[in-house]
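Enquirer: One letter stands for each residue in the lines below.
There are 2 protein chains.
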Amino acid sequence: MNNQRIVLASRPTGEPSSANFRLETVELPALQDQQVLVRHHYLSLDPYMRGRMNDGKSYAQPQPLDAVMIGGTVGEVVESRHPGFAAGDKVVGMGGWQQFAVVDAAQPGALRKVDTAHIPLSAYLGAVGMPGVTAWVGLTQIIEPKAGETVVVSAASGAVGSAVGQLAKARGCRVVGIAGGPDKCAYTVDELGFDACLDYKALGSGKELSLALKAAAPQGVDGYFENVGGAILDVVMSRMNAFGRIAFCGMISGYNGEPIPMANPALILVSRLKLQGFIVSEHMALWPQALKELGTMVATGQLKYRESVADGLAAAPEAFLGLLKGRNFGKQLVKLA
Amino acid sequence: MNNQRIVLASRPTGEPSSANFRLETVELPALQDQQVLVRHHYLSLDPYMRGRMNDGKSYAQPQPLDAVMIGGTVGEVVESRHPGFAAGDKVVGMGGWQQFAVVDAAQPGALRKVDTAHIPLSAYLGAVGMPGVTAWVGLTQIIEPKAGETVVVSAASGAVGSAVGQLAKARGCRVVGIAGGPDKCAYTVDELGFDACLDYKALGSGKELSLALKAAAPQGVDGYFENVGGAILDVVMSRMNAFGRIAFCGMISGYNGEPIPMANPALILVSRLKLQGFIVSEHMALWPQALKELGTMVATGQLKYRESVADGLAAAPEAFLGLLKGRNFGKQLVKLA
Numbered sequence: 072m073n074n075q076r077i078v079l080a081s082r083p084t085g086e087p088s089s090a091n092f093r094l095e096t097v098e099l100p101a102l103q104d105q106q107v108l109v110r111h112h113y114l115s116l117d118p119y120m121r122g123r124m125n126d127g128k129s130y131a132q133p134q135p136l137d138a139v140m141i142g143g144t145v146g147e148v149v150e151s152r153h154p155g156f157a158a159g160d161k162v163v164g165m166g167g168w169q170q171f172a173v174v175d176a177a178q179p180g181a182l183r184k185v186d187t188a189h190i191p192l193s194a195y196l197g198a199v200g201m202p203g204v205t206a207w208v209g210l211t212q213i214i215e216p217k218a219g220e221t222v223v224v225s226a227a228s229g230a231v232g233s234a235v236g237q238l239a240k241a242r243g244c245r246v247v248g249i250a251g252g253p254d255k256c257a258y259t260v261d262e263l264g265f266d267a268c269l270d271y272k273a274l275g276s277g278k279e280l281s282l283a284l285k286a287a288a289p290q291g292v293d294g295y296f297e298n299v300g301g302a303i304l305d306v307v308m309s310r311m312n313a314f315g316r317i318a319f320c321g322m323i324s325g326y327n328g329e330p331i332p333m334a335n336p337a338l339i340l341v342s343r344l345k346l347q348g349f350i351v352s353e354h355m356a357l358w359p360q361a362l363k364e365l366g367t368m369v370a371t372g373q374l375k376y377r378e379s380v381a382d383g384l385a386a387a388p389e390a391f392l393g394l395l396k397g398r399n400f401g402k403q404l405v406k407l408a
Numbered sequence: 072m073n074n075q076r077i078v079l080a081s082r083p084t085g086e087p088s089s090a091n092f093r094l095e096t097v098e099l100p101a102l103q104d105q106q107v108l109v110r111h112h113y114l115s116l117d118p119y120m121r122g123r124m125n126d127g128k129s130y131a132q133p134q135p136l137d138a139v140m141i142g143g144t145v146g147e148v149v150e151s152r153h154p155g156f157a158a159g160d161k162v163v164g165m166g167g168w169q170q171f172a173v174v175d176a177a178q179p180g181a182l183r184k185v186d187t188a189h190i191p192l193s194a195y196l197g198a199v200g201m202p203g204v205t206a207w208v209g210l211t212q213i214i215e216p217k218a219g220e221t222v223v224v225s226a227a228s229g230a231v232g233s234a235v236g237q238l239a240k241a242r243g244c245r246v247v248g249i250a251g252g253p254d255k256c257a258y259t260v261d262e263l264g265f266d267a268c269l270d271y272k273a274l275g276s277g278k279e280l281s282l283a284l285k286a287a288a289p290q291g292v293d294g295y296f297e298n299v300g301g302a303i304l305d306v307v308m309s310r311m312n313a314f315g316r317i318a319f320c321g322m323i324s325g326y327n328g329e330p331i332p333m334a335n336p337a338l339i340l341v342s343r344l345k346l347q348g349f350i351v352s353e354h355m356a357l358w359p360q361a362l363k364e365l366g367t368m369v370a371t372g373q374l375k376y377r378e379s380v381a382d383g384l385a386a387a388p389e390a391f392l393g394l395l396k397g398r399n400f401g402k403q404l405v406k407l408a
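In order, the protein sequences belong to chains A and B. For the numbering used here, add 71 to where a residue sits in the first sequence, where the first one is 1. For the numbering used here, add 71 to where a residue sits in the second sequence, where the first one is 1.
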């Protein structure tokens, strides 16, 4: 049986392009004992993949050249030589950018069966998956919001940001999003229940954004979930209350290599701020607790999400490049079957 | 009885000068009930005073114009109308830049009797006072060092920095200081027991300092006690290990108004750092525990310190300006009696 897959063909210098990827067709090997063959329904595209394309020092191993691009996947078991899985099971894994994956199911955490009676399969790549848990960990472990506090989140309509805002609302906070474009902003307020959302494409990332944030967060900002970095961070920092907390989850604007300075780090002292970076995969002990809350909230309609779905594996590179430019609206997926 | 005092005559624009201060002689009022008259032996000069001279937003109220400059003092009770104090008692307070203070002793924390049998009176303004507690709080509450970790401290020969290093050594850490000049560096290694010290005046604050830090901290940096800010922070951040902690205690180089950017805040995410600012006066509950350890260490000779003593109240402004330029060597005091 044939398997289409996308490998990293070359490392980007600066902005990545579709030329960094290569679509291949290979023969699937026969299953060994303990292995499971999974047909992928959806592939998840996430900003962290940009970091993996580099060779430099980062928190994770670089993606090897000529190997299948890393990525979260959901799908259905086609064939199993592991007693814990049977054909037809719906599963979540890290199958990568390919139609099928042969998974060593005996490896802990490699493959997890999921219930699709109350939660759509694709949600396990978003609100009830890595992005949802990322939101949960940064919010509950670093920002630790109290009812009545104001929480700001950038990339607010994205998979992580939209969960951050709704989790903070569920904890009684005032929530202000920052997003690019009037549609994304309207969505966070009208659909997700955010109290306000600022369109940085209309406001810029300077004085106007600062004044708009002052109006949207009249009591100041107590927690900031940072998905972007750069000039927006400077504006939010200048509005932080004493003892404010900033969870550093993403620095998209810096992924292409140019370091973006922080304008006024003295605010860390003046406002007694706590800034902390984290990676969700280093907090595995918290995943069950997080997934329980996220799953319940999705099943009961309390946690909403939106998906951008590209069609077919060949569309993955363009969809990924669009994600890095903020062209997606909600969780970016690729439909594979 | 006459009292000499120094008031803030004007606010500095940029670098302060002696023209911002004015020496006055005033008559001491008669004591009211519950009041105590203290004759100051030593006045403490500290970097935080520079921040108080500004009118802008900071963590503390600005020092009012034409009022006695704020400052910690130790001295001896001359006359008391409070039952808890008697003439001859040695006391610590916030008497300010003046020879005598009339203190409302009923106000909690306004005046504290101290034991000078085992600890010299002046130490209550340094190692067993606010600077020592500052070191203790930042180290134990934010850096939380484990034995075997590497801790770096800037302004290493100063009142706070020297205590940070010795407290970290007592906890089994490798300690690297950063200080200005060969004498200060030699002192931290030869007298205080630091493992290494880097002279930023000789090395600069760029590539050379970075290489020297790499050599002095071959296992990387786990904790950094930040007393300075600016380019040195950038160098240390680039050498931080994953899950490193930075306690922001001072940003001397930014006190004159120019914000100094942080070159690469993406390191907060890449290295999962925690950066946290603190002010020792907001952690009053920890003072007894901190003072107990500091007092024991001073009394047993385990915590050493050095003092720069200016003679007479009139010398205070120049001594203070020198402190801001790093001209002092150890805790800066003014001897008043």
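Just so you know, these hints were derived from the structure itself, not from any lab. A few of these clues could be false.
The list treats identical chains as one, so a pair stands whether inside a single copy or across any two.
[Unchecked claim] Restricting the straight-line Cα-Cα distance to at most 25 Å, the calculated cross-link-like pairs of lysine to any residue (SDA-like) are:
{"no.": "1", "residue 1": "278", "residue 2": "85"}
{"no.": "2", "residue 1": "285", "residue 2": "159"}
{"no.": "3", "residue 1": "278", "residue 2": "331"}
{"no.": "4", "residue 1": "272", "residue 2": "135"}
{"no.": "5", "residue 1": "161", "residue 2": "136"}
{"no.": "6", "residue 1": "375", "residue 2": "157"}
Enquirer: Against each hint, give a clear statement of whether it holds in the structure.
Expert: Evaluated hints:
Within a single copy, residue 278 and residue 85 get their C-alpha atoms only as close as 29 Å, which misses the 25 Å cut-off; across copies the closest is 24 Å, which meets it. In this homomeric assembly, residue 285 and residue 159 never come within 25 Å of each other (Cα to Cα): the closest approach is 53 Å inside a single copy and 55 Å across copies. In this assembly of identical chains, the alpha carbons of residue 278 and residue 331 lie at most 25 Å apart whether taken from the same copy (18 Å) or from different copies (19 Å). For a Cα distance limit of 25 Å, the shortest separation of residue 272 from residue 135 qualifies neither inside one copy, at 35 Å, nor across copies, at 43 Å.
In this assembly of identical chains, residue 161 and residue 136 lie within 25 Å of each other by CA distance neither inside one copy nor across copies; the values are 30 Å within and 72 Å between. Proximity of residue 375 to residue 157 under the C-alpha cut-off of 25 Å is found in neither arrangement, the shortest distances being 31 Å within a copy and 69 Å between copies.
In this structure, the hints that do not hold are numbers 2, 4, 5, 6, in rising order.
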